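J.: Taken in sequence, the protein lines are chains F and Y. Per the numbering used here: the first sequence = residues 1 to 892. Per the numbering used here: the second sequence = residues 1001 to 1112.
Bear in mind the hints are in silico, worked out from the structure with no lab data behind them.
27 Å max Cα-Cα, derived DSSO-like pairs, lysine-lysine:
1) Lys63/F <-> Lys1060/Y
2) Lys95/F <-> Lys796/F
3) Lys1040/Y <-> Lys40/F
4) Lys1073/Y <-> Lys23/F
5) Lys1073/Y <-> Lys44/F
6) Lys1073/Y <-> Lys63/F
7) Lys798/F <-> Lys500/F
8) Lys1040/Y <-> Lys23/F
9) Lys1060/Y <-> Lys23/F
10) Lys663/F <-> Lys343/F
11) Lys1040/Y <-> Lys323/F
12) Lys1056/Y <-> Lys63/F
13) Lys1056/Y <-> Lys23/F
14) Lys1055/Y <-> Lys63/F
15) Lys1073/Y <-> Lys40/F
16) Lys63/F <-> Lys1040/Y
17) Lys23/F <-> Lys1055/Y
18) Lys416/F <-> Lys81/F
19) Lys1040/Y <-> Lys44/F
20) Lys564/F <-> Lys574/F
Since this is a predicted model, take the numbers as computed values, not measurements.
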Amino acid sequence: MNQTIRGHNPPRIPRSILRWYCKPNLLEDIEGDIQEDFNKRYTKSGARSARFYYMLDVIRFFKPFAIRNFSKTQIFNPMFKINTRIAFRNLAKNKLYSLINITGLAIGIAACLIIAHYVSFQLSFDRFHENAESLYRVNVTTYQNEEYAGTGIYCGYALGPALKRDVPEIANYSRIHPYYNGAIINRVIDSLDATAFREENVLFVEPAFLNMFSFDLLEGDGNTALDNPHSIMISESMAAKYFGADATTAYGQTLKVTGGWAGGSFNVTGIFKDIPGNSHLKFDFLLPIQKLLERNQYTREGSDWGWTNFMMYAQLIPQTTEKLAEEKIGDLMHQYTPEDLEKASLRQVLSLEPITNIHLKSAPDDGDGEFSDTKNINSIYFMILIAGFILVIAWINFINLSTAKATERGMEVGIKKAMGAHRPQLIAQFLTESFWINLLAIGLALGLSYLLLPVLGNTIDEPLTLQLSSPVIQIGLIALILIGPVLAGLYPAFVLSSFKTVNALKGSDSTKLKHQFSLRKILVVFQFVISTLLIAGTFVVSKQLDFMQTQDTGLDMSQVLVIKGPSVDATRAKFESFKSNISSFASVEKFASSRSIPGNGYNFATSARNENAELSTERRIDITWIDKGFMETYGLELVAGRDFSEATVEGPNGMLISESSIKAYSLGSAEEAVQSSLILGTDTVFIRGVVKDHNWQSLHKEFAPSGFLFTSGTTNYFSLRINTQNAKAVIEEAEIQYLESFPGNPLEYYFLDDFFNRQYAEDQQFGKIFNAFAGFAIFAACLGLFGLASYSVIQKAKEIGIRKVLGASSSHITMLFSKRYMLLIFIANLIAIPIAYFGMKNWLQDFAFSIPISVELFVFPILLLAAIAAITILTQTVKASLANPVKNLRSE
Amino acid sequence: MKGTNLGEFQELVLLTIGSLHPEAYGVAIKEEIYAHTNRKVTLSTVHAALNRLEKKGLVKSDLGEATNIRGGKRKRNFTITAFGIKMLSEAKRQRESLWDSIPDIVFQVNLG
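Next up, chain Y with everything else stripped away, as it sits in the complex (with noise of 0.2 Å):
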């Protein structure tokens, strides 16, 4: 499945990069995520899920400005590539697809 399939967690980090842009970087992805998902993750799950995306060519990277915050080391920002962005419209189609096959049954049954 590597490289033809976006994972659950790099389509979300992916869909942040998107909504960071320019300023999509470590820190700010992972307080993105937490702020609209509450979830938790960390450092270096996201890095991991970075190193990732850039390798299948989804994103691309440069070393933006350094601060004092960051002990003088620059970051690095990250935007999406026209690969990405093909991909990430895949996904958002296949789920929808899939969302609109499900009978209204399955909704009621949790209601009652």
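So here's chain F without its partners, still in its complex pose (with noise of 0.2 Å):
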């Protein structure tokens, strides 16, 4: 067969690279088998492919075993000390063009540091289970009528049996619920209650659940810490909170749990280390899910599918992929409920989504982030971009400062070459330089990156410090010290090292310096494109922050205060003995009570249609019981019919839709409307009335069918409108009444626009962390600007002079000197604009609610940059032009 093939030439200059590079005894025959491969490429699929290859071969073989030894070649010479002591000099020569250079490449350095820290925190999610790669949620993914209706996370808790039946696949599964609304504990000290504490943070889970995920247990046993229903687990801090002194001997202790889904005293089988920022499951507390399940609600008929509160985990075997797996589990669902589903012509599919994906590629749909802290993976590529252009500035920094010293170079690089030294050895010189440059510039960012990131830390609420243990890092700053001073130094270093010996030693090289001038004027101009979209982009981002946060909402949400409603012993009479008392205070002009508040989202949600349309015309709709006073104490406005105010404990009362449920259902006119019923669920409920369409969760979302229920009194929100500036006053006189109707129940209290506005946490620290490096950013350009513009005053120092002695005005020079780089920037701007425009169209289309793009948004950054562009220029233009020109002149 090889007779076959004809020899042919391979490519000449990867086989030259090779050549250099490869070991010499090894060389004949690597060299041999790429050609032998590259022949037979040729042959069969023709001679691009087969270059294409062999250049691709050359790169693979550049391995440590095939590469020579390089150590006596001419860059580690002894030339190396020399050149490193010529690169001191020059930096202590020029000191402010040194200190520009270094802390301009530090800056870029530090942001990148610091941006990396943040990505592999963020890409660190729930990658610490031993397990991580075997364990998996069970996502729900229903069709209506064959059209898609969501992704969610919640389910029945008879689906984990069910699992584990049918699946042999799964090897282990846990269900986790919740503590919805919190729970209230106590630490019981002689059978005497100590203070309590209302708890957010707790999950029933199973026994299985600590062997599946690896959490760190300080104390008790893993295996079987949960196996008794009256058993606790809590976190470090938790141990410190409710046995403070006692910490060490937390386990074995009583604690007592009230409120809401499990009641009675457990005993604290084992402490676990605080959970690590990184896990998208946070708590503080665990009980075992056995408990849970004895509850009346959860062993009543139909409620093992019905009650869709819990979550589910499951972890396979690790003889099965993915794919088996969720072939089986797919239409476990039809198997178990297909009355129920098919009655609502529903289809569910189960799917497995492995856990490292939920924090940055899962968006459930009723998944509100409390229990899985998701994050968008977009605003991951985003953080690298921008670390990427604050390098790419810091770099184009360098180069334009080195190459704008190239006729003070000039001279050396002449004299150097009269005495007979090579091109290369030139090069390696100014590579040096740029090397000790770069890695002082290291040093220096990884100071600044151990100052900022602490503070990066606190605006994300993770604690973030500086690791040069962690391998991305430490092959990323090896990269940047090996491939920083080649990228920045080498287009330098060659330019510098060009030329000819006899003009530089003349000092005429006119014709040179303006094609390296435009190429300069190249780097500028992109800079500062950079620097234009990323203002514009901070500009954006707080006025849309501040258009959500001021917006009308159709809610009056200032001065209410709301409440958390009692969790323990909460009877009719201690709320109606607390509502009486706390409405005769004076401060409080209304009071309403409802089962959410707005910001909290939805009680339930079920589907609706209109009672004359067919079945398949059902439309998701969100339900909130309120009652009589909701509707004054919000200031919610009616469209048509009545509100809850002369409604009866007897009922029926209806419903109240808003304006975009009379659309969804056909329901005609507002007026219409009101005539008219809607079936929620099974039930056929008439509309009381039609409210103005209001923004009940944050302005990311649409209006959507919505509607309200009356009660006649709970006790899960109260809500108080205060007429007071004094708040604190009335916070005590509350906390009083409270503590008085509703004994053993902590009170815990907000004011309603602060909790509506923490739905915008997530925008506001992408505001801030877009803020900061776009700062980052700015900087470094303008840092790059100051030192052209002060280069260029003092090479052209004589020429203002002889300006000034013929009667040029400061301002005049002033003007000259500034207009260059004014038009730069304008240019600038010119290319940023349309860029800028695309990239706020698309970022504003996350928000249902949007500001509207205006002039307004582009006029502010760009003159925003001029001035601040202008004022580093002008500082050293005036200087400049005020200077004494005898003193310029003088000289030589």
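Each of the two chains sits in its own frame; use the hints to bring them together as a complex.
T.: Okay, here's the thing in structure tokens:
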């Protein structure tokens, strides 16, 4: 076979590269092999493919075993020492230039390091579990009439045993049930109750939970700790909170849990280390799910699939794959609840979501983030992009400043060449210089990021510290040390070493300089395009945040104090007495109770349709229970019909619907809607009134069909409209009344506007980070501009002197030197505007209610950047124009 | 672990050398691996493995004939040393004893 293949000529450049780096004793064999492969491919798939693979092979062979020993070549010979000395002399000679160069680079590198930490933290979510690769959450995807109707994470508790029974691929499962609305917990000392606290992060889990997930136990046995239904496990910090000085003896002590889901005394059978920040499951207490399932609610018939309050986590056996298991669980719901699903013409498909995907790549429609801590992966890509930008800006500074100095170094180059230096030697010299500047910058950057990382950590509420032990960071740093100097130093090194000896010595190389200057211009424009983009981004983010917090939501949220209702012993009589007591207080204008409040989601969602319409027109509606006083307290406007003010306990009271529901269920006009009824699930409910559309949830979300049902009074949330600036007095009074009416319940309150705006925490975080890094980028770009301007002023000192002597005014000279830089910024803006426009449009699409893209959004950033740049340039040019011309002309 | 155990890929290369005897050189090994396992490995990977194997003393090499197709370069033919044979059979024995100890239930799981 070999004989039929003719020999062809391999590409020359890759071959010489191979010959250059390859160990001589291996070269013959390797080159022969690559060429044989090349010839075979040439015959089979043609010259181009063969050449391409030849090159690829040459690159691939660049591995330690095949690379010859370079230590005897030029770069590392004694010249390195001498070059180093020259480099430091140069740095010391031009202190300002060195400072700008090193700080600029350091800022860029620091920004990269900080972002690398942030990104690696986000990517590390849930990877610390030993079984991370085989752990999955079970998701439920629902189709209605074969139309996608959302993916959820909640299911009934019967799913757990069903999975284990029917799917041998599942080794272990744990249902997880949050302690919705929080638990009241107190320590019991000698059968006396100590101070009670409300705890939100309480989970009911299976005994298997601790075997599946790797949470570190300090005390207790993970295999048995939750076997007894009266056991509780607590985190280290909770042990300190409840047992104070006795924290070390917390094990075996008793905690009393009350309110809502589980009541009674529980033995501390385990203490775990506080849950790491990079876990999507966050909890302080673990209770056995067994205890929960004893509740009436879960023992009644139909509750096994009906109460979808549980999340399912499963561990697969190692011999299987996600796909195999998914095939088996896919239609499990239809095996167990076929009638229910058919009636509603629903199809539910179960799927597995790897837990390592949950934080960044999943967005369940019913997970409000409370239990799954999700983040958009796009924001991660975005951060990486910004880091790249800042680094590029810093490198451009370096290139610009180095080439700007060309004329000065020209003499040095000329003399060296005249003495017989080869060009590679000169390149080595400049690269050495670049190497040292980069190294110093990296040192400075490490210091900077050490100081700044905790600041970023505060913003995102995660502890971030400089971690040099992380392999990602180490590889990054080594790459920066090796690649940075080459990338930034290569072009200047080639330019500087390319000077013709005679020209350099004569000091006349004007033709060359002109050419370099245009590249420098392009780079400056590029820097400022990026800066404009970042400023415009900062501006639009802060505008939108502002808009979301000041926009009329249809609900009057200012001056509304919300008190979380009692969880323990809340009786009707106690509620009534609290209500009348607090309402009699002069500063309390209005009082309302409801089962949920704006910004906290709805009470439940169900499918609804017009009473005259087909079953298939069913659409989701979100319902909340409110009492008589609610609409008045929140200033909700009624469009048609009546509100609940004369509703009675006996009912039926019908429902209030929002304006957008009218359209969704084709109810005609608001007045016509009041005449008709909706079928909620299976119940027919008449429409009592229509309320104006309002933002019950964040402005990310559109108005969706929603409604209110009547409750004569509930102890979930109390809303107080107060009419005084002295909120403190009201809170004090409320506390007295509350503790009197509901003893044993700690008071928890907040102002509704603050609470509502907490929904924007992630947007605010994004805004802050954006701000900070835009600042970094602009600072770096301005440093570069400052360096260039100061340099050109120094070079043109004589020109300025002559102009002044001939009668030019200071302002004229300032203009002359500022003009060209301002022009560059103008060009940068022209390029940046369309890019910024598309970026803004894209980002604002995430919000159902957003600011319009107006001219203002562009004008402000442009003016701001122009102003910053102008100040930077003017500090230099004004100084030059004011200087005494005699000084500059006298020398020489 | 270096030098004490055979890596999965190294074992594959070693076996291939045996099966190609006495004409086992870079390109041939690469193609043989593809023919047997459908794995597309690169030349450099094969060479790296060969280099390690030779350092461990599992194979030895000598230069063969030069052909036109190789641009007049000689090939390096590899043969397994006695030590290499010993390592291979040891690896085989380990695997077999592990296979024997897997309970039957494991093989049934994914069939049902």
